[in-house]
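Undergrad: So the sequences go chain by chain: A and B.
Heads up, the first sequence is in this note's numbering, so the first residue is 1 and it goes up one at a time.
Heads up, the second sequence is in this note's numbering, so the first residue is 1001 and it goes up one at a time.
Treat the hints as calculated values from the structure; they're not laboratory data.
Here the structure is a predicted model, which means the values were calculated and not measured.
For glycine and all other residues, C-beta sits at the position ideal for the given N, C-alpha and C.
Hints are not guaranteed to be accurate.
Partial pick of chain B residues on the chain A-facing surface, computed with a CB cut under 7 Å [what the hints assert, rightly or not]: (1) F1006; (2) Y1021; (3) K1043; (4) D1234; (5) A1265; (6) N1279; (7) V1281.
Computed from the model, here is a short list of chain B residues facing chain A with C-beta under 8 Å [what the hints assert, rightly or not]: (8) N1008; (9) G1195; (10) P1199; (11) D1210; (12) E1302; (13) R1333.
The list that follows gives simulated cross-link-like pairs (lysine-lysine, PhoX-like), each with its CA atoms no further than 20 Å apart [unchecked claim]: (14) A:K318 to B:K1034; (15) A:K293 to B:K1026; (16) A:K293 to A:K322; (17) B:K1004 to A:K26; (18) A:K26 to B:K1322; (19) A:K4 to A:K30; (20) B:K1251 to A:K293; (21) A:K229 to B:K1004; (22) A:K239 to B:K1004; (23) B:K1026 to A:K285; (24) A:K4 to B:K1239; (25) A:K96 to A:K170; (26) A:K4 to B:K1229; (27) A:K30 to B:K1293; (28) B:K1318 to A:K26; (29) B:K1251 to B:K1170; (30) B:K1285 to A:K26; (31) A:K322 to B:K1026.
Number of protein chains: 2
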Amino acid sequence: MIMKKFINNPNDLTIELLEGYTLAYKDVVKLESKKIVVRTNPKSSDKVAIVSMGGAGHEPAISGFVGEGMLDASVVGDIFAAPGAPKVLEALRMFKRDAGILLVVLNHAGDVMSANMAMQMAEREGINVKMLLTHEDISAGLDTPEADRRGLGGCIPLYKVAGAASEQGKSLEEVAEIAERFNGQMATLAVAMTGATHPQNGGAISVLPDDEMEIGMGQHGEAGGGRSKILSADETAEKMILPLITDTEAKSGDNVMLIINGTGATTHMEMNIIFRKANNVLESKGINVSAGKIGELLTVQEMGGFQMILCKLDADHKDLIKAPANAPYWVTR
Amino acid sequence: MIMKKFINNPNDLTIELLEGYTLAYKDVVKLESKKIVVRTNPKSSDKVAIVSMGGAGHEPAISGFVGEGMLDASVVGDIFAAPGAPKVLEALRMFKRDAGILLVVLNHAGDVMSANMAMQMAEREGINVKMLLTHEDISAGLDTPEADRRGLGGCIPLYKVAGAASEQGKSLEEVAEIAERFNGQMATLAVAMTGATHPQNGGAISVLPDDEMEIGMGQHGEAGGGRSKILSADETAEKMILPLITDTEAKSGDNVMLIINGTGATTHMEMNIIFRKANNVLESKGINVSAGKIGELLTVQEMGGFQMILCKLDADHKDLIKAPANAPYWVTR
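Can you make the complete structure from the sequences, with help from the hints?
TA: Structure, rendered in structure tokens:
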């Protein structure tokens, strides 16, 4: 079977993509060990280290956000597969320090299992590490327990906030508190319009009929429950932003960050049009969109669709989200 | 016919996408007049203004690069259509100043016609403006006259160089000379793997059989002459970087910037793998890849494929490419 993808041996995808990425941005990132991406020139080991982890195939996430003011390291698994516990432990050992480590984990079964095992082993070795679990997908309904919500692209603005707090010299307790507060005030909803191909086996990640879309689809094609005929951009944006507002409890006078994260084939043109409507719904309710971002942050191969991420910003978060950062895919001057 | 795109009325695409874009990045850009994007807070009118122009549908280009250290304004046409001469003249009037204006135009018939007309009218009005034409597509062969080469994504690093030079207070003559020198030392080659849909009429921009790709395809689906069976990433990268090296005359000891510009559906995973091989071919020849970039800069809707852009950097360009910039889609700290 021929795949319409620019690849070599499917078994080498992860290592080759990491090599290419770290060559392109060698001033900022490097491969420290196979599948662990770190900063090329870390400024200090006095600060809290921010480490995250996840499967490959979602580029530029997660490694695209390693850099000053964001992550200190990213532990990468194979395509759509969590890294193993030994690899996570290797990264935690690498960043063992008095200031401690915040390990950010997206709520997916494999990632949580590896992270929990690595945490146990790290604690036995006297490594000072706290774990934060993101679980902001609201597709299963607003009353779903947090443990049953997936972690989607909301991890990325959370890296920004946690990274900026750690860069300011805050303690692990302070960084974890600020990041957990952010975690509780953000929500994400995804929509898919066209499917994607698994780059190792050529199989379809999801299949959608020519006239249908699906709100709520997860980032590996997991069912989302919101299949419908194709809606207009404005109808889609409204249908997604309203439950996000409800979930985050954003009210008139609040500040929010609104992110449209493309999952692959959906154009910037479309994402701009979606942003416009979601922004206007927010502003019509008196909610101030004080920060915005449109682009591919966490993708699902060439899937057509996007994730809409809404983050309520309190005073701390509003400053931290605009603080300097220098990761290849998130630079703030 | 139902298109698999998140849009509203196809006639409103351009204005809605510009509204969405300028709302998302309102700290940096604003719509000054319908379809002219300018900086929200220009620092000075003493500097040379850098203005560019082109059809919509290629987002984030061209308006994504308006900001400090890059463009002062972008004049936007309808989907895949050059803006009219009156609109270009309107922008030139807006930026009339003693320091002058550099108008960067990509070599496509419609853009050149509008630009030439606007230049004539502007000169009659005493506006101090120089025009620079990019023509770096090598798909028609290395011996093709410059007038027959299309302008592709190489305009974007050129905006960076020209914008940084103008920000440093250089004169119009100096900025134009530095930018023309850059223009003569860069080359681009595109490849397409899957087609795209025109978002206004739903027609196919290009059609490629399931087992074929095409090196050289233009950014509106123009034929490129390099159709073949699908090659591996490494074979594709090598087949593209070699003529780019020949065209730019990059030699051992030279510094270059290498950009992989995704045209739509092609994943960051694939672009990273392509970058790796092209980088390694360059380095094997002693050419120093001193700057890199991977991402969607100038797209062709959801077309699968990418443009490989190679820019030889002399000492001026090497500094200017790393100078501070703050456009929504190109930030340098």
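Undergrad: Does each hint hold? Answer for all of them.
TA: Hints versus structure:
{"no.": "1", "hint": "F1006", "in the structure": "holds, 4 Å"}
{"no.": "2", "hint": "Y1021", "in the structure": "holds, 5 Å"}
{"no.": "3", "hint": "K1043", "in the structure": "violated, 13 Å"}
{"no.": "4", "hint": "D1234", "in the structure": "holds, 5 Å"}
{"no.": "5", "hint": "A1265", "in the structure": "holds, 4 Å"}
{"no.": "6", "hint": "N1279", "in the structure": "holds, 5 Å"}
{"no.": "7", "hint": "V1281", "in the structure": "violated, 12 Å"}
{"no.": "8", "hint": "N1008", "in the structure": "holds, 5 Å"}
{"no.": "9", "hint": "G1195", "in the structure": "violated, 10 Å"}
{"no.": "10", "hint": "P1199", "in the structure": "holds, 7 Å"}
{"no.": "11", "hint": "D1210", "in the structure": "holds, 7 Å"}
{"no.": "12", "hint": "E1302", "in the structure": "holds, 4 Å"}
{"no.": "13", "hint": "R1333", "in the structure": "holds, 5 Å"}
{"no.": "14", "hint": "A:K318 to B:K1034", "in the structure": "violated, 31 Å"}
{"no.": "15", "hint": "A:K293 to B:K1026", "in the structure": "holds, 11 Å"}
{"no.": "16", "hint": "A:K293 to A:K322", "in the structure": "holds, 12 Å"}
{"no.": "17", "hint": "B:K1004 to A:K26", "in the structure": "violated, 38 Å"}
{"no.": "18", "hint": "A:K26 to B:K1322", "in the structure": "holds, 14 Å"}
{"no.": "19", "hint": "A:K4 to A:K30", "in the structure": "violated, 29 Å"}
{"no.": "20", "hint": "B:K1251 to A:K293", "in the structure": "violated, 39 Å"}
{"no.": "21", "hint": "A:K229 to B:K1004", "in the structure": "holds, 11 Å"}
{"no.": "22", "hint": "A:K239 to B:K1004", "in the structure": "holds, 18 Å"}
{"no.": "23", "hint": "B:K1026 to A:K285", "in the structure": "holds, 19 Å"}
{"no.": "24", "hint": "A:K4 to B:K1239", "in the structure": "holds, 18 Å"}
{"no.": "25", "hint": "A:K96 to A:K170", "in the structure": "holds, 17 Å"}
{"no.": "26", "hint": "A:K4 to B:K1229", "in the structure": "holds, 11 Å"}
{"no.": "27", "hint": "A:K30 to B:K1293", "in the structure": "holds, 15 Å"}
{"no.": "28", "hint": "B:K1318 to A:K26", "in the structure": "holds, 16 Å"}
{"no.": "29", "hint": "B:K1251 to B:K1170", "in the structure": "violated, 29 Å"}
{"no.": "30", "hint": "B:K1285 to A:K26", "in the structure": "holds, 19 Å"}
{"no.": "31", "hint": "A:K322 to B:K1026", "in the structure": "holds, 14 Å"}
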